[in-house]
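S.K.: Now for the letters of each chain:
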Amino acid sequence: MAQPRVLILRAPGTNCDEETAFAFQRAGALAERLHVKGLLESPFRLRDFQILCIPGGFSYGDDIAAGRILANQIRHHLAEWLREFHAAGKLILGVCNGFQILLKSGVLLPLAADFSAPATLAWNASGKFEDRWVPLHTTGGKSVFFAGIDAMYLPVAHAEGKFVPRDEHVLAELVESGRVILRYGSRPPDGSGISLAPQVAYPDNPNGSLGDVAGVCDASGRVCGLMPHPERHIDPTQHPRWTREPARAVGDGLRVFQNAVGYFA
Amino acid sequence: MLWEVDIYPAVGQPDRTASAVVGAAAELGIARPVRVAAASGYLIQGALDGEQVVRIACELLVDSVVERSVMAKVGDRRLIDPLAAGINGQGQHWQIVHVLPKPGVMDPVAQSALAAIADLGLVADAVRTVRKYWLADVADDELKLLCGKVLANDAIEQVVLGPLLFEHLEVGSPYVFQLVTVSLRALDNDALVRLSREGQLFLSLVEMQTIQAHFRRLERDPTDVELETIAQTWSEHCSHKTLTGRIAYRGPDGERRFDNMLKETIFAATLEIRRSLGEADWCASVFADNAGVVRFDDEHNVVFKVETHNHPSALEPYGGANTGLGGVIRDPLGTGLGAKPICNTDVFCFAPPEMPGHAVPPGALHPKRVMQGVVAGVRDYGNRMGIPTVNGAIYFDPRYLGNPLVYCGNVGLIPRDKTFKEPRPGDYIVAIGGRTGRDGIHGATFSSAELTHQSERLSGGAVQIGNAITEKMLVDVVLAARDRGLFHAITDCGAGGFSSAVGEMGEKIGAEVWLDRAPLKYEGLSYTEIWISEAQERMVLAVGPEHGDALVELAASEGVEAMIIGKFVPTGRLRLTYGEHQVGELSMEFLHHGRPPVVREAVYEPPPTLPLTITAGARADLAATLTRILASPNVASKHWVIRQYDHEVQGGSVVKPLVGVNNDGPSDAAVLRPVLSSRRGIVVACGMNPRFADFDTYHMATSAIDEAIRNCVAVGADPARIAILDNFCWGNTDRPQTLGSLVRAALACHDLAAALGTPFISGKDSLNNEFRYVDPEGRSQSIGIPPSLLISALGQIDDVARAVTMDLKAAGNQLYLVGTTHEELGGSHFALVHSLRGGRVPEVDPKTAKRTFAAVHAAISAGLVRACHDLSEGGLAAAIAEMAFAGGLGAAIDLAQVPHTVGADPHRAAILLFSESNTRFLCEVSPENSGDFERQLAGVPHARVGEVTAAPALHVSLDGHPVMVAELARLKAAWQAPLDWK
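Chains A and B are the protein sequences, given in the same order. When we follow our numbering, the leftmost residue of the first sequence carries the number 1, and every step to the right adds one. When we follow our numbering, the leftmost residue of the second sequence carries the number 1, and every step to the right adds one.
No lab work stands behind these hints: they were computed from the structure. One thing to keep in mind: the hints can contain errors.
As the list claims (entries may be wrong) - Under the rule of at most 30 Å between Cα atoms (straight-line distance), these lysine-lysine pairs were calculated in the BS3-like manner:
#  : chain 1 : residue 1 : chain 2 : residue 2
1  : B       : K982      : A       : K128
2  : B       : K638      : B       : K263
3  : B       : K263      : B       : K508
4  : A       : K128      : B       : K149
5  : A       : K37       : B       : K521
6  : B       : K144      : A       : K128
7  : B       : K263      : B       : K418
8  : A       : K128      : B       : K102
9  : A       : K128      : B       : K638
10 : A       : K128      : B       : K368
These numbers come from a predicted model, not from an experiment.
I would like the entire structure built from these sequences, with the hints used as guidance.
M.R.: In C-alpha cells form, the structure reads like this:
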C-alpha cells in the first residue's frame, strides 16, 4: 500500500484537525477530516482507513471534563468498530484532547468494570491552561509512532494534561510492559526506574504529570496518545528559537507522522 | 425529581477552588486564614432513580482517579452535613454557600451534560450547574463580603446561603401573545425624556421628538418593537452618530466644520492612498463591511477587525471579555461571504492591580479581579475556538478604575472571490447558530450610556456568557456553506441582535421577519425580546430559495441549527410578524436615514508645555531607574497572560509573543503563516500611548501609529503593505473639550496615515467611558478614562524565513541605533517612575519615518539584521535590556554615538537612555554585514552605538565615562516579577 488513508476525526470543538491533516499529508498520507456525527451514522466508513487520528481541541467544550463526552460517545457507539479497526493491524493516534479521549474511552488502556480508567489526565498542577515548549524523550517502549526517535522538542497547550495513574501499581505495570513511551525532560533521569513523583521540575514537566509521563501506548504499540503536539513542529519556523539556532530541515514532530505512514510502506 | 451530584477532589488531591478563595479572602483583608472546601455540582431534574443517578455520576460526571462525589436528592442531609459530605474538621461551624447561574444566563456545561445524559440512554428534563462552598467559622459580615466579592458575581449568578430549598429548576413559562403599543403621540417633552431613560432607549430629546413626529404623520402610535428597533438602530453603538456626524471643531490646527468627521479624516486618508496607488491598490474592501479587507496573495485576502467590550467587562469581566472576543470573531466571519478566523489580538487597560481594596469605590470591581476575569474570558473563548491569540498589550492607569477597556481583535482569511456580498430580493433570512434567549437585552443602548454604580443592578440583562463551542460549530458550517455557494450574504448578530442584523442587511431591499420561527433557548420570550436579544453565537444569512434545504441539511449534519425566519422582499419596508399578528412595520428610509443629524461643538487646546525638571534622585542611579521602568506594570513581562493563551494552534506560528534563548523575551509583533503550504506570512502588532494624551492627543495618535508600524517592521513586515485599524475609546464626548481631543487625534490619524501610505481599513469607537459613583461623603464623583486610541496593524512578509526576532544572537555582533533621539521625556516611563511632570511629548516626523521604515525593511529583507527591537516605553535603556536578557547576552553601549538633538544638557545620559522618541530601532548586525547594513541605511539617521558581549551585563558609557552598569539577571528578575501571578 503506497499511501495510507488517515481519518481525522472531528467533533464540535475539535480545532487541530486541519494542521494535523496537513502533517499527515506532509508525511505522505491521504488525510480526510470527518465529523463524528457522520461516523456515528456510518461507522463502516472506518474500514476505508488505515490510520485513525483524534486531534487536539476542546471536543464538546471539554464540558464536565476534557474529552469526556466524546469518549463516552466512542465507548457507547464505536467501541466494536474500533476493536475491529485495531485487530486489522491499523493505527490509532490521539494528540492532546485525542489522548484524553483515548484514555477515557478505554481505547488506549482497558477500563475497569465500573468504566473507570486506570489513569487519567487531570488539571495541570499550575491550575491553568499553559502553552509552552517542552523537551521530551522516548523510553525504549515499542510504539510504531516513536520508532527511531530518542528526543523531541514540542509544544504543549492544555489545561488538563497531568497524567495520574490510579496508584503506583498501575504506573509500574505500564512501565514494565513498555507502554510509557514518552516522558517530559530532555533525557532519561539518572538512576533507575520511574517513580510516581515527578523527577523533572516545572516547567519542563509542564503539568506535574506523575512519572513525568507525556505519552502512552497500548500493548500492541499501535494505539498511542500524547499530550504534546507533534503537528505543531513540522516546519522549521515553528520552533520558538529558529531565528537563533542552526537551520533545521524539518521539525521534530514530522517523524511521528512519517513513522505512521512508513508502517504501511 | 431533583438530584444533586456534588464533586469534590479525592483525598490527597488539591482543592484549587478552595485555595483560590482562601487567597482572595486574605487579599480582601480578612486577617485570619479562612477554612474552605469546594465542590462543583450538577442539579439534575427528571424521572430518574438512584441507580440511574449513580450511573450518570460514574460514567459521565466524576473522574474517580482524582475526584469523589456525594449524590442525593436536593434537600437530603447528606448534601449539607459536613460529616456525611466528607468535609474534614468536625466541631467547626460550617456554612454552605451555593452559587448558581441566574435563570436565563447561559450554562453551557449544563447543556452539554443534558445531551450527554441522553447519550447514556437516560432522560433528564433539565440540568443546572452549581458551585458549593463550605466555609468554617466566618463572621456574617465576612461571609457577605466573600459572597459579593469572590464567590459570586451578582450580575449573572445567584447565591443561596444554606441548603437549596427549591424542588425543581425553572425552565421558562409559555408566552402569551399581547401586542404592546406605546402612547407616544400624547407625550410632552418631559415624558419623552423619561420614556427614553426608563425604557433604556438612551435617545436624546430631539431624537424622541423626531420619532414622535414620524408617528404623528402616520396617525398611529408605535408598537414597543418599533420603538426598540429605532432605538437600537439609532444607538451610538450601532450608528456611531457622534463621529460620523456634524462637528464644528476649533483647535490649534485651526477651525474645521465636518459633515461627517470620520469620513473627512480617517476614511479620506485611505481614499487618498488608494488613489495614489492606482493599479497597485491592495485594499479590497474598507469601511464598508463588518471588517476591513486587504489583498494577501493570489488566492486570498486578509480581513481584520478590532472591537471593544468595555461596559460589559466592567460588570462581569469574564463574560464581558468572553463575549467581546466571541463578538469580534463574528465580524470577519460576517464579512464578504465569511472569513476563516486565523488569529486573535487583545489589548486591555486596567487600574493598577495592586490597588488596596478599600480604595475601590462602590459599583466597581477590584482591578485585579477585573484583569483575572478578562484574561480568563479571552483565554477560554479563544482557546476553545482554536484561534491563536498572538498579540496584545496591557496598560495600567488609575483612570481605568470602574471602566476598564477590553479591545479584542480578529484576523480572518478569505478567498478573493468571496470578498463581497449582496442579499437579493426573494432570499430567505436564515438565523444560524445559537438559540435566542433573554440574554443581552439592551446591550446596544446600554453600551452607549455612562457606567454608574447602579449599572450593575439596572443592566444585568446586558451581560452575557458566551459558548465558544457553539461559535466554533457555527464557523465550521458557515465556511463549508460558503465554499458550496449556499448563501448570498452574511452578517453577525451583534449589538441589537436580529434587529440590527436584518435591518442592515435589508436596508436597500426590505424585509419581513416571522419572529415566532426563531429557535428559542426557553419559552416565554416576547416578540420584542426575540427581536432585540443579543444572545451570542448567531449569524444571519441571505439564502436563495433554491439553497434553503441544502443549507439547513448541511448545518444539521454538524449539529447546528439553521432556521428560515423571514424573507427579503422588495418593499423598502421592515415588517415584523408573530404568528398571524403584525407587530411592527417601519420604512427602511426612516429607520436608516430618519435620525436627526447630531451637530456638536468640539474644541481642543493642548495644555501648555511645561519644562520637565530632572531631579537629583532621578539622575543619581540610572540602573535603578531602568530597573524600576522594567518593573512598572506597563513594561513588565506579560508571560502570565501570554502562556494561558494558545498562541500556536492552527500550526502557522513563526514569531511567537515570547522569544529568545529561554523563550521569554518580549516580541515586537507576531508572525504567522495562515496558509500552511505557503511561505507568505502576516504580521500583527499594535501601538497605544494613553499617557501621551495628557500632553496632546495629536502626538498621542501619531505615536500610536508609529509604534504599531515599527513593531511590524521590526520583525520583517514590508512597510508598504501595512494596514491599520483605529479604536477610539474616549470619555463623554458631549463635552466639547473631550470631543475636541478626539477630533484632534482623528486629524493626526489622517495626516500620518496619508504621509506614510498606510491605510486605515476599519475602525470602531466607544464613547462615554466614564464611571460615576457616590463617595463615602455622599459626593457625586466621576472618573473619565484618558483618551485611549489603539492602533492595530496588519502587516505582511513575503517569506517568513526573513523574519527577525528581538533577542541578541551572538557576542561580537554590532549594535546600531536607527533614528534620532530628541529630548522627549514628556509622558515617558522615566517621568512616570520618578513622578515627574511636564516635558515634551514625542512627535513623529512623517518624512523621516517613511524613509526609516523602508530602509530598516530593506536591511532586514537582505538578511543583514540578526535582531531588531523597537524603542518604546523606557526608550533605549529598556530596549537594550530586553534584547540582552532575551538573548542571554550582554551589551556595551556608547551613548556618545547616539544620533540626537539633545543639547549640552547635564542630564544628557538620562535623556539619551530614557527618551521615548518615535521611529527608532535597535539592530544587531554581524561585523561582516555592517558595511552592507550601513549602505542600506544611508540617508536615514543611524549610528553604531555598541556591541554584543558575552558577559551578562549592560555597560553604558558616555564620553569615556561609565554611566550605567547593570546585571542582566537582576533586570530580568525585576521585569518578570510584577505580573508573575500564580
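S.K.: Checked against the structure, which of the hints given earlier come out wrong?
M.R.: 2
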